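Peer 1: Residues per chain, in single letters:
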Amino acid sequence: MRHRLWALAFCCAAVLIFQWAGAAQALVAIDPGHGGYDRGIIYDTGGKETSEKRVDLAISKAIAAALRAKGASVFLVRSVDRYLGIAQRARIASARQPAVFLSVHLASANAFQIYASLMPNVQLPPAAPAGGNQAPPAAPAAVNQAPGNLPPAGNQGVQAGPASGGGGQTGPDQQALRQYYLYSMRQRPYLGKSRDLASALEQSLKQAFPGETISYMEIPLPLLDAIAAPAVLVECPAPQYMDYNNPAVVSGMAQAIAGAIISYGTY
Amino acid sequence: MEHTKRKRLAKRRRLAVFSLILFLIFAGGLAAGYLYLSRGPVGSPSPGGGPEAQTEQGSSYLKIYYPVRGYLQMEERLVTPEIQDREEAARDTVTEYLKGPAGMADPAIPPGAKLRGLYFGTNGILYVDLSETFKSNFQGDALTEYLLLRGLYESLLSNVQGITDVMVLIDGRETGSIGGHILADRPLSGLAITNAAGNGKGN
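Those protein sequence lines, which keep their order, are chains H and R. The opening position of the first sequence corresponds to residue 1 in my numbering, with each subsequent residue numbered one higher. The opening position of the second sequence corresponds to residue 1001 in my numbering, with each subsequent residue numbered one higher.
Quick caveat, the hints were computed from the structure, so don't treat them as lab data. Fair warning: there could be bad hints in the mix.
[To be verified] Between beta-carbon pairs, the in silico distance windows are:
(1) H:D243 - R:T1122: 48 to 54 Å
(2) R:T1175 - H:R68: 34 to 40 Å
(3) H:G71 - R:R1116: 52 to 58 Å
(4) R:E1076 - H:N245: 19 to 25 Å
(5) H:A65 - R:Q1073: 41 to 47 Å
(6) R:G1124 - H:S199: 35 to 41 Å
(7) R:T1122 - H:R96: 55 to 61 Å
(8) R:Q1073 - H:S263: 37 to 43 Å
(9) R:V1017 - H:R188: 39 to 45 Å
(10) H:N245 - R:Q1073: 47 to 53 Å
(11) R:G1124 - H:G71: 29 to 35 Å
(12) R:T1133 - H:R188: 50 to 56 Å
(13) R:Q1073 - H:G36: 29 to 35 Å
(14) H:N245 - R:Y1119: 46 to 52 Å
[Unchecked claim] Quick look at which bits of chain H chain R covers, simulated, 3 or more residues with Cβ under 8 Å:
(15) 32-40
(16) 67-76
(17) 221-233
In this text the structure is predicted, and so the values were computed from the model without any measurement. Note that CB positions come from ideal geometry on N, CA and C, so glycine has one too.
Same shape as in the complex, but just chain H (with noise of 0.2 Å):
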């Protein structure tokens, strides 16, 4: 009997551990929107100007600390001022393999926005076939260059390339647009997650600040479209309205996020 209980208590144990070493493992990317010569909004704040840039930065360092409080791992796309395009950023975070990814901005307004993305239904080009030479996965910016190659989208969704069995033809131009669209189409299996991560987001905002007014939406955000990971982009009140100066604001705000993404559950 003892020897039962003994056994017993190890393997749970054992899945305490493993569940606390999937939990270290697990990494949350923070982006904060804009940097270097894109200086985001300009704000007039009581004759000052304040850029979002930097307001975006100082919440994500702030979101970050109280994430890394909390035990969790954390990294910034961009942790100083510098420029970084879209893709770039998709580019650093997906090398990372993140658990959830959070893009932070500032809206032109007093409201808080939370955006998940919405995506064309893309048909891909036919697969190589077995054996074949497969293109080098693409980044959009580098398949962007040729912009004629994109089929035109319509309000049905996007036509990429013959389908299956309408003629399969899987050259090298094929294979990289096909390439491009499963690199830029890597948050698909993940919108559900997306959904339950910004509805967290919303709540919490919504405890933390009763007052303000807290929107969902769903856009075509090609950063969020690139992350395989639950991803959302949240925008946070224009700076006439809150005060970024005060680090209780910014701390209330970063703890609100913070704790949104804790009890999503990613951990």
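Using the hints provided, position chain R relative to the given structure of chain H.
Peer 2: Relative to chain H, chain R alone:
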């Protein structure tokens, strides 16, 4: 014999009347369907074909979709003289678009932005070359940027014949993004997806 013949004739007549009624119902349905579908809702005008620029005694009407407080708002603009070809339609559409919506104190259209040129490319893509101020003077969040580009795309597709897509150039070159949220280095049709979720309003 006579009776059977008359009966057959009456049956044929009934069949003919019934067929006529069926045909009329079918034709009426077709007409109603056409009328219903030809009236697109604001924000999703009819794709591709065009031209929807309507002409009237020396002037033309253009449908312009402006980003206004989180939505696309359609305005009809009267331009004179009458639009003669699709290049003129495209030029007038962009020019009217850049003027911004009527009576708006704080429009989302970047102030000072100018049209530099237009090119009809292959595959039905219209290249719209705008001045650098379209990018540098843009002040808006993700939704504003999305609606800015979507509005331009919808306006052009509504008024210009034979185009299926629009590509924005800044000072003659591809640009990564206008405001740092939406990629603008590709044709804009990828933005024309129906919004399936999201309230778009505050809580």
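Peer 1: Hints the structure violates: just list their numbers, smallest first.
Peer 2: 4, 7, 9, 10, 11, 12, 16
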